[in-house]
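Listed here are the chains, written in short residue letters.
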Amino acid sequence: MKILVCIKQVPDMESRFKANSQGVWFEETDLAFRMNEYDEYAVEQAVQLKEQLGDAPEVTVLSIGPDRVVEAIKKALAMGCDRGVHVQDPAAATRDPWQIASIIASHAGDKGYDLILTGMQSQDRGSAQVGVTVAEELGYACATTLVGFAFSDGTVTAKRELEGGIKGVVRLRTPALVTCQLGLNVPRYPTLPNIMKAKKKEIQTIAVAELLKEEPLATTVSFHPPARKGGGIVLEGDVGVLVDQLLGILKDKTAVLR
Amino acid sequence: MSAKLFKGAEYLISEVSSADVFTPEDFSDEQRQIGATTEQFVLNEVLPHREEIEHHNLPLTVELMKKCGELGLLMIDAPEEYGGLELDKATSMLAAEKLAQAGSFSVTYSAHTGIGTLPLVYYGTKEQKEKYLGKIISGEWIAAYCLTEPGSGSDALGAAATATLSPDGRHYILNGTKQFITNGGIANLYTVFAKIDKQHFTGFLVERTTEGLSVGAEENKMGVRGSSTTQIILEDAMVPVENLLGEIGKGHKIAFNVLNVGRFKLGAGATGAAKRAITEGVRYANERKAFGVPIATFGAIQEKIADQTAAIFASESVVYRLAGLIDDRLATIPKETPDYYEAYQEGIEEYSIECAIAKVFCSEMLADTVDAVVQIHGGYGFIQEYAAEGYYRDERINRIWEGTNEINRLLIPGIILKRAMKGEIPLQKEAMKAFESLMSPSFDELDDSLPFAAEKALLANLKQAFLVLAGSGVQKFMNTIKDEQEILLAVADVAINIFAIESAILRAEKILPALSDSRKASIRAAVKVFTFNGSEKTASAARRAAYYIEEGDTLTMLLAGIRRFTRYDATGLLQAKRQLASASIAAEKYIF
Chain A
1 MKILVCIKQV PDMESRFKAN SQGVWFEETD LAFRMNEYDE YAVEQAVQLK
51 EQLGDAPEVT VLSIGPDRVV EAIKKALAMG CDRGVHVQDP AAATRDPWQI
101 ASIIASHAGD KGYDLILTGM QSQDRGSAQV GVTVAEELGY ACATTLVGFA
151 FSDGTVTAKR ELEGGIKGVV RLRTPALVTC QLGLNVPRYP TLPNIMKAKK
201 KEIQTIAVAE LLKEEPLATT VSFHPPARKG GGIVLEGDVG VLVDQLLGIL
251 KDKTAVLR
Chain B
259 MSAKLFKGAE YLISEVSSAD VFTPEDFSDE QRQIGATTEQ FVLNEVLPHR
309 EEIEHHNLPL TVELMKKCGE LGLLMIDAPE EYGGLELDKA TSMLAAEKLA
359 QAGSFSVTYS AHTGIGTLPL VYYGTKEQKE KYLGKIISGE WIAAYCLTEP
409 GSGSDALGAA ATATLSPDGR HYILNGTKQF ITNGGIANLY TVFAKIDKQH
459 FTGFLVERTT EGLSVGAEEN KMGVRGSSTT QIILEDAMVP VENLLGEIGK
509 GHKIAFNVLN VGRFKLGAGA TGAAKRAITE GVRYANERKA FGVPIATFGA
559 IQEKIADQTA AIFASESVVY RLAGLIDDRL ATIPKETPDY YEAYQEGIEE
609 YSIECAIAKV FCSEMLADTV DAVVQIHGGY GFIQEYAAEG YYRDERINRI
659 WEGTNEINRL LIPGIILKRA MKGEIPLQKE AMKAFESLMS PSFDELDDSL
709 PFAAEKALLA NLKQAFLVLA GSGVQKFMNT IKDEQEILLA VADVAINIFA
759 IESAILRAEK ILPALSDSRK ASIRAAVKVF TFNGSEKTAS AARRAAYYIE
809 EGDTLTMLLA GIRRFTRYDA TGLLQAKRQL ASASIAAEKY IF
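Residue numbers (the numbering used here), protein chains in the order written: chain A, 1 to 258; chain B, 259 to 850.
A portion of the hints provided could be inaccurate.
With a straight-line cut-off of 20 Å between C-alpha atoms, the simulated SDA-like cross-links for lysine to any residue are [stated by the list, open to error]: (1) B:847 with A:32; (2) A:199 with B:732; (3) A:197 with B:290; (4) A:18 with B:847; (5) A:200 with B:287; (6) B:847 with A:13; (7) B:778 with A:29; (8) B:847 with A:33; (9) B:325 with A:188; (10) A:18 with B:393; (11) B:325 with A:29; (12) B:847 with A:11; (13) A:18 with B:774; (14) A:197 with B:337; (15) B:393 with A:193.
No lab work stands behind these hints: they were computed from the structure.
For reference, chain A alone in the conformation it holds in the complex (with noise of 0.2 Å):
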């Protein structure tokens, strides 16, 4: 069996965003990165399936951007996986979904993964594209925003997060591709003898001239702040009046009373 992981790097969350100067992404200067969220819970899941298989499956990482991420390839070496795909793309930020997709799917054309799993959505961009994108070009069975991933015979079954907490079960042949959502499972952290036999694992490295030949289909026009709201309303006076004043407010302004 072999399995294939796709995770992104992205900025520390809590870093303090601003315009990069052509004003349509974030300025990369002095921002820590780390794995992707969402991509944690698929490395995880792809290990625990390794481990319920008695590690045959053969578990490739994939991520796409420039050198620094190789940092998060290695992460999920420690975690577990097989070996690691770099693809070299030091503009990978500049790339709609669509281009993201097909790099992947370029490269996992003829590799015969019977599973892929991926993050339901990047914690920056935040598409949700990429995961879909690939199982549509490469023909394969898909669910979205897991929370619960079983696997046996060749079927994934696929506890899925609907609306309102409301859940869904699908089953999927494989090949297959899942997205993965929080509360799939708890990412180990990686163990210090893992993180050194991590060393060892082979990482490739493919240009990424080699795998992308689709032209984006979206372009970003605008990143920027949201505007300040303004502050709030004070009012005072006698409570009948406070009433009246406040009752008028919420007709005229919103949807509460409506």
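Add chain B to chain A, keeping to what the hints say.
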């Protein structure tokens, strides 16, 4: 690895280049990951239980130590053939630094992995290691180190505990009381020092279940309350002869060599604790309002943040520079050497001066930091609900244990003089040269095109000041200098500050080219602030030493020299402090 292998204390008599120092920015991906795993463990597994741990839930502490074992955090220093990882000191210090955020729990961890485990690693026989090491690095057993006694602390060799061979020759019978034993109440294996026939100071591995060994009551301590500290009482404790550690009469080697690493590790821990404390202080300063604005906007608060951020930068620089020095030296010893650990010990002992420096400098840096953090909190810093209060109490012990800061200060000039006598350091010759330059000042212009030119010129001068003072002291007191403790303390302060200032400058110079403009500005500011504070402290210590040593015209000449040797043009100091403070306030944490 750096370009040149430096000897211990060599920094005082030669110029060191930035290529020769290891810095936190030189960590490999693996080291960074180990740091991240350690930090995540502390944040997610330990800190949520801080209250319980502080209230002495020792079973929880033992449980967490097992988790440390599962993650591999207890096997960093252990040899591979016994299941350890045998990683370098830089990694070991990084783990200690990250763990130090855990307060009391980090005391349990440090005592276990440091003085608890290392005697066995360095001096244990194959059989002893096979029997105990696996249990210790997995966290199944906790380890403790028993040296201090009710009547002997700094004078550890004055121990009264005794060991007597049993009539059948199969056991040593141990008697005595050990005091302030960290992990005493939770340990399963104790490294105990006692005198065979009241004469030969020797180490023993003593299991908890040994008949005749009992554990005293938990001490009620000022700080690090969640850690276990007890007496260990030995009453005719029967220890099998095969549990004698190292050689008979050579216990002092074990006791002192292990302390070198312990002191070094304490420096790393103090650095980690200070980072956490200043982060808390900055957060509070942003949150708390006075006169309608956050107190972080006030210069009075900003100055504290700037001074401590710069000091922590220096502290980090000291710790990892020393890690690099030791790692480089240990890397020259082939693993297959039959007496590997003997050579290894000598490698570490080479830097006993720097280990003492790290201990003193980092612990006092932490003391200043937690004091500033309490002050930033105002009245709330005095209330137990606020973390600042705990940081303040927990800090105090660092200036006492692993050799008091006084003992460590005395060691510094003490070892330097010993090595000079043996001809290992050309102190005499260099002191003569320094005297000459005292008489004939040079008026070389600074080459401002070089990075940190003013700071480097100051460094060269501070080294001259050290040599002049050490030379004067030896000339005046000859062999009795070792009894002039006030002078030794002052001279030690000069040596400590030189190492710290130099470490900060060299790290800054090394990392500067790769940084963004805003980071460059912060680093330059940190160097300026720390160099100024450090040079002022050095000048004060040097003057103190001069007054203690000399009088009359010689004193006047010495004081004039000190004035010249400690001169530092810190133009832009206020802007530097504001720059550093505003970067810290924006990031709401320690920024380097």
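Point to revise | Satisfaction of hint between residue 193 of chain A and residue 393 of chain B, Cα-Cα up to 20 Å | key: holds, 16 Å
**Study point:** Holds or violated: residue 847 of chain B to residue 32 of chain A, with C-alpha atoms at most 20 Å apart
**Key:** Measuring from Cα to Cα gives roughly 13 Å; hence the hint holds.
Point to revise | Given hint residue 188 of chain A paired with residue 325 of chain B - CA-CA distance at most 20 Å | key: Roughly 12 Å separates the two Cα atoms, so the pair holds.
Practice item. Measure nothing beyond the straight line between the CA atoms of residue 18 of chain A and residue 393 of chain B; if it is 20 Å or shorter, mark the hint as holding. Key: violated, 51 Å
Exercise for review: Verify the proposed pairing of residue 325 of chain B with residue 29 of chain A, using a straight-line Cα cut of 20 Å.
Suggested key: With Cα atoms ~36 Å apart, residue 325 of chain B and residue 29 of chain A exceed 20 Å; violated.
Review point. Straight-line Cα separation of residue 200 of chain A and residue 287 of chain B no greater than 20 Å?
Key: Measuring from Cα to Cα gives roughly 13 Å; hence the hint holds.
Practice item. Would you mind confirming whether the straight-line C-alpha gap from residue 778 of chain B to residue 29 of chain A stays at or under 20 Å? Key: holds, 12 Å
Check your understanding: Quick one, are residue 18 of chain A and residue 847 of chain B close enough, alpha carbons at most 20 Å?
Key -> holds, 18 Å
Point to revise | Straight-line alpha-carbon gap residue 197 of chain A to residue 290 of chain B, limit 20 Å | key: Holds, at roughly 15 Å.
Point to revise | 20 Å Cα cutoff - pair residue 847 of chain B, residue 13 of chain A | key: holds, 15 Å
Practice item. Assess, step by step, whether the Cα of residue 847 of chain B is no farther than 20 Å from the Cα of residue 11 of chain A, and give holds or violated. Key: Holds. Residue 847 of chain B to residue 11 of chain A sits at ~17 Å (cutoff 20 Å).
Review point. Can the restraint linking residue 847 of chain B and residue 33 of chain A be considered satisfied, given a maximum Cα separation of 20 Å?
Key: holds, 17 Å
Violated hints, in rising order: 2, 10, 11; the structure is consistent with all others.
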